[in-house]
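**Q** Chains as they are written, first to last, in my numbering: chain A, 22 to 842; chain B, -19 to 426; chain C, 5 to 171.
What the hints contain is simulated information worked out from the structure, not anything from laboratory work.
For glycine and all other residues, C-beta sits at the position ideal for the given N, C-alpha and C.
Just to be clear, a hint being listed does not mean it is correct.
Unchecked claim - Stretch-level coverage of chain C by chain B, calculated; a stretch enters the list once three of its residues show a Cβ under 8 Å from a Cβ in chain B:
1. 66 to 78
2. 152 to 160
To be verified - Capping the alpha-carbon separation at 20 Å, the derived lysine to aspartate or glutamate pairs in DMTMM-like fashion look like this:
3. A:Lys64 x A:Asp211
4. C:Lys20 x B:Asp117
5. C:Lys24 x C:Asp12
6. B:Lys229 x C:Glu52
7. C:Lys74 x A:Glu217
8. C:Lys20 x B:Glu156
9. B:Lys161 x C:Asp146
10. B:Lys362 x A:Asp507
11. B:Lys339 x A:Glu192
12. B:Lys346 x A:Glu173
13. C:Lys24 x A:Glu484
14. B:Lys161 x C:Asp12
15. C:Lys16 x B:Glu116
16. A:Lys708 x A:Asp210
17. B:Lys257 x B:Glu116
18. C:Lys20 x B:Glu182
19. A:Lys103 x A:Asp31
20. C:Lys20 x B:Asp(-2)
21. B:Lys257 x B:Glu234
22. B:Lys350 x A:Glu192
Residue strings, one per chain:
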Amino acid sequence: MANTVKIYIDDQAYEVPAGTNLVDAAKWIGNDIPVFCYHPKMKPVGMCRMCLVEQGSIEKDRATGAVLLDDKGNAKIRWMPKLQTACTSVVSDGMVILTNTPQVEQARQNVVEFLLTSHPLDCPICDKGGECPLQNLTMAHGPQGSRMVFEEKLQLDKHVPLGDLIYLDEERCIQCARCIRFQDEIVGDDVLAFHERGRSLQIITVSDPGFDTYFSGNTTDICPVGALTTADFRFGARPWELTGVPTICPHCPVGCDMTASTRLDRDFEGRAMIKRIMPRQNEEVNEIWICDKGRFGHHFTRSADRLLQPLVGGKTVNNWVEALNAAANAISAANGDVAAIASPSMSNEDLYTLSQLIGAKGNNRLGAWTLPYTGMDLVAQVGVGKGTNLGKLGKGDAVLIIASDLEEEAPIWRLRLKGAHDRGAQVIVANARHTRMADFASESVIFPTGTAAQWMNDLVNHEVGQQLAGATNLVIVAGAEGLTVDGHRALMQAAANFLIRTGHVGKPNNGLMATFPGANAMGLHYMGFSAEETLNIMQNPPKVLIIAGADVYADDPNAAAWLSKVGTVITLSMFPDEASTRGAVALPIQSFAERDGTFTNGERRVQRFYTAQGPMGAALPAWQVISRLGEKLGVMKTKTSAAVVMLEITQNVSAFAGARYAELAKVERQFPQVGGDDLYYGGTAYKNSGGLGVQISAAADEGAEVDYGTVNLPTAVTGDLIVIPTTSLYNRERTFRPSEAEIMAPRVPAPYAEINAADAQKLGIQDGDRVVIDVEGSALEVQAHVNGSAPEGVILLPRHLATGFAAPFTPTAGQVRELVR
Amino acid sequence: MPNIIYREKDVPNIHQFDVYTQNGGYDGLKKALGMTPVEVINEVKASNLRGRGGAGFPTGTKWSFIPQSEPVKYVVVNADESETGTFKDRQILENNPHQLIEGALICAYAIQAKAVYIYLRGEFWDLAHTLDQHIEDAVKGNLCGDNINGSGFSCMVYTHLGAGAYICGEESALLESLEGKLGQPRVRPPFPAQKGGGLYGEPTVVNNVETLTNVPWIVVNGATAYKAINGNEQSPGTKIFCLSGHVNKPGNYELPMGVTFRELIYEHGGGITNGKKIKAILPSGGSGPILNATDEVLDCKLTYEDVVKVGSILGSASVIVMDEDTDITWVAAKITKFFKHESCGKCTQCREGTYWLDKVLDRIMKGEGKPTDIDLIMNIAKNMQGVTLCALGDFAANPIIWTIKNFPDDFKAHIVTKAPEVAAKPAAKPAPAPRGKAAAPAQGGD
Amino acid sequence: MIAEKYADRISKTFAKYPDKRSAVMPLLYMVQQEYGWVTPEGLVEVAELTDLDPTQVKSIAGFYTMYSEKPKGKYWLQVCTDLACALRGADEFHKQLKTHLQVEEGGTTDDGLFTVEHVMCLAACDKAPMLQCNFHFHENLDMEKMKVLLEQWRNEVNAAVGKPVES
Ligand SMILES: Cc1cc2nc3c(=O)[nH]c(=O)nc-3n(C[C@H](O)[C@H](O)[C@H](O)COP(=O)(O)O)c2cc1C
Ligand code: SF4
Ligand code: FES
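In isolation and in its complexed conformation, chain A is listed as follows (with noise of 0.2 Å):
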């Protein structure tokens, strides 16, 4: 190591990195000093007292330097007068440290029975019971009986609702401060906070709306008892009856690692059934954090509405080899005029093994629902270098994020970014209105709606351009906001000129990443799908088109009309959706709960996720049902598994050549040390069992020429109005399903559009008023907020809350109606 200096702990010498935290570097070394308030992830407060341990310093001569002796020819400790806690010290050279002395012991034991005092003791229903930090503490620390006289504890609220999902038992809680700190450090909003004092120290929100960041489930991870919970989990279970399975989120780009905490369920039929969901520590990808619709949008996978037979013509068939044939026969009937569009919440192997039987009996058209996000072609040029970290961007570095909601789009880049920023690299948000990033940015830069690509193209000339090619490492996170799709092409391709023409490509912490939906865009890429291909099939429609996994209603209001012309339309398909049910042949698929897989992130690590649920109805894993399909049509034989299917993409996609099963699920130790075995950190779930994951090259790493492209600057659309969609993390998409996690359904918000305040003063508008709004043919009708982020002349219309309606994808000139108030 670099730098290192020399620690002394219970005699034993220890090299550790300058600057760690003591805690921590005495965890790296096997060490466990028991903490509660102290977290690796936030700063140390001192609080709780339990990680008090001696202290002392070798003694140097002041001139010389050298080490001064005692008669013994010992090296002369100064010892510090009093414990220390070890949670505010950093090591330094010549370090001492006791923590196992009668003393130490001492300390430690009065602390637990201080706790204790306030303490209800009612682990046997307690949520955390089983995986508490103070549980597990009192067992290796605590006193034997209790002197505190019970009745004289005190008597406090015991289900507080901090918001719609966390409850706070204040009895438990022994004010560590860390959801507070968590609020305030990590995602930069400071509801929480201790009211009163002394004994009377509580939790409390007062905030409008509450408690209710998409990070709040966080907080029931690190809070070191069974003080706050989920509404979601609370009295779900036991946590030792509880199997954790590694999984990957399926609903961003983002791909955290979690964990899926399971038990064969008597409402589930005796099934394995996800009971809850927790980070799984991954510190290249999520470090130990998840965000509510990660946590509580497993939901969907049980959904009573689920696909559970195929269907044939609209009707169910009870019967795989009467769909599987309808479709082989109508694709053989194609002669070749076959092709497909798939969504990214397809795996990989799916959607290899989809890119196998098209390329067999079509003729390569292979659309990936991504519309109206392109260049996945791009990142898997200049994507972010192999073993970029955004966890370790700090001074000196720069993040531009632009044409992106990123706290909607992808919530725990936002939050990793604002960590960035605490640490102090410039980032600059750039759209065309304000949004929640742009406040935890260095400079908001705010230009009209739809010239992102311009702007970008424009920024080598710019001063604000100039500091971030100077920066020492530079990420730009692209959206689509405001762009058609050839500007977001422009816009992609701008960015990739301007990270190659400043040498920002290549390595890690450098490069291109976007807010692509779903969680395997890239994947989609690397499988040789692409959304120019989506285009053309919308233009020159097939004989066949197999639709995998995309909700084509849902996202396009012209899907109706293209899809008309399309000869056999043949789907697979977890939700009977539309074009299911008015397609020919509909075969069902298994969620990311319910079988293995992996998905490639926005940062190309390939991850994998484990088979966690029991099966619902006949659906089966997608690359098994187009493997059956193959084999049916002569072109290739039924896959066994999906490792199989791994295997051969990386003998048949160079990118993931190093991409096996097995090497995917290898794990490191990670700094800081969370999981595992010492729950002092809150819960079983951080431990890493499942992989970290392998980040393939970008073309880039490789040392492949990256070649500016030409930008095609985009044409503007044009109208009095613009319609321009967005995107809102919580939805009514059928992969969220909020109805079915009861608690998320109020927290969807009720079909909206932004609208500009002199735009509604011009149209008669208040805020609230119900409105319809005109766009290509269709009349949507939502509320109408009129203090939001929308530009004049701009309607913000977000996608998918509503279910009735699709939104159009890209802006679109539109009318705005009043309606009878």
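For chain A, the structure is supplied; the task is to place chains B and C with the ligands on it using the hints.
**A** Just chains B and C with the ligands now, kept in the frame of chain A:
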């Protein structure tokens, strides 16, 4: 013996700007402005002036810790005065405010501070508003604010009101409070004098009101003269002793360091009320160890060093006197209520310990104590010692440990006799309230 | 709205500090003066003025005992019953005052005029028994003097919590 601090005794109405300036007021500041900052610090250092806020830290040394290279520095005056039995700073603020302003500005000049904030406990509401007027007078007289007395040095003095929290007397909690946060002590290092540790993260000197009020005298008369006020090299100068409890003449007494308890209580304080015998002394309000008022103790000199020798601390020199009828268990319970109420709640031992002690003492006072309870509270208190973020944890432990050590019989009486609850007798002023070892006087509500 | 009514004082307050947050305590006093206690609306006003989250403002109001988060009587009588005062009869005085006004600890008289509570040391130990009424000290009291004061207060109805600051 000069009245250095309470000059109103010699000069009536010295709180008025004109009276103050006509009687040598602001001469110290003017003189200091003609010296270099380092010279000022050295003079204060040489005087051996020690902090009057309780810890007795050498003031000049504290000032010299401020890194001169930092562009922004602050002086914060600790006028939180909330220790039980302490009421000395209040009298300064009332009667000799300009000398405090002057002292603070000399300090500001010595460390080249940008501003002075006087943090007053919220209950000094009226005082704060009159102090604002005094500051305005000084500004009008060009002795505060821009370009002070034409020297080129500018520094403004502001008042800031607390709102009822003893812990805000602790300097790092005070700084938090001044920044608009909860008054909870900070992790140190960094210390207030260091970058990152002071007000708004800038190097800051925090001094007590009385400490700074000494400074103009020292600058005008010199360190040597100051040291001559008292024989003790380490504790020179006058000190204000807040005398309260069972004495005939409670009040503030400005006396040279080294006066004995006996002189203070009997000569100045007029002896014990109702001709009773003295039983116990708390030399430093509620936070220092209680003393059995033996002859040895009564003859102890009041200096930082001597009071330690007899088993307590001089602290803020808030001498609370208790007569022979005082039930020391009741005293312990009373003080514990104070610390339970004032614990900021950050540290486990202090937050939980004060609550627990209070519960056990309550039951002892109710006559429901168990024989093991005395050992229990002794042990709880010991477990609170030396392990917390700030000294309040120790302060809360002290009364238990030392009341039991020095007055074990008072505790045993409650346990052994299992006395029924006896209502406290009405006490006509200045008759002391709690009487009788076995009695359980009503607590001041809770 | 204190923002308009106290505009002058607020701007002077902000001018004192390099950081807006420092103004939160002075502003809470203004809220208390205006509404008699720290009302939820008042919290939000302070939050808006200082760019803080209302929860943070509430936290401050809860930590410091001189902010009342509940309505109080017109006269908020806080009797020091701490050790030094208690040695000089403060507990008894406090009890008599409660009996006289027929209130419990922390309670308010039926006419809404007086709230009585005990507090910790107020730095007036040599002048016990004493109390503070709406933050003004009254010292060397006994029940006779107290009755006179109470009568006087009953007669003046317009006092608010906290005297307006002449700033
Ligand atoms: C719990 C606690 C309460 C304190 N209260 C006061 C106080 O009310 N006034 C004061 O001047 N110092 C108080 N101090 C001491 C201050 O922390 C600090 O040492 C002092 O203001 C320094 O000033 P000095 O060097 O002039 O004494 C307190 C300390 C502690 C630990
Ligand atoms: S010792 Fe008590 S008052 Fe001091 S910081 Fe700890 S909890 Fe707060
Ligand atoms: S004080 Fe160190 S972990 Fe809490």
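**Q** Check the structure against each numbered hint from earlier and tell me which ones fail, lowest number first.
**A** The structure breaks hints 2, 6, 9, 10, 13, 14, 16, 17, 20, 21, 22; every other hint is satisfied.
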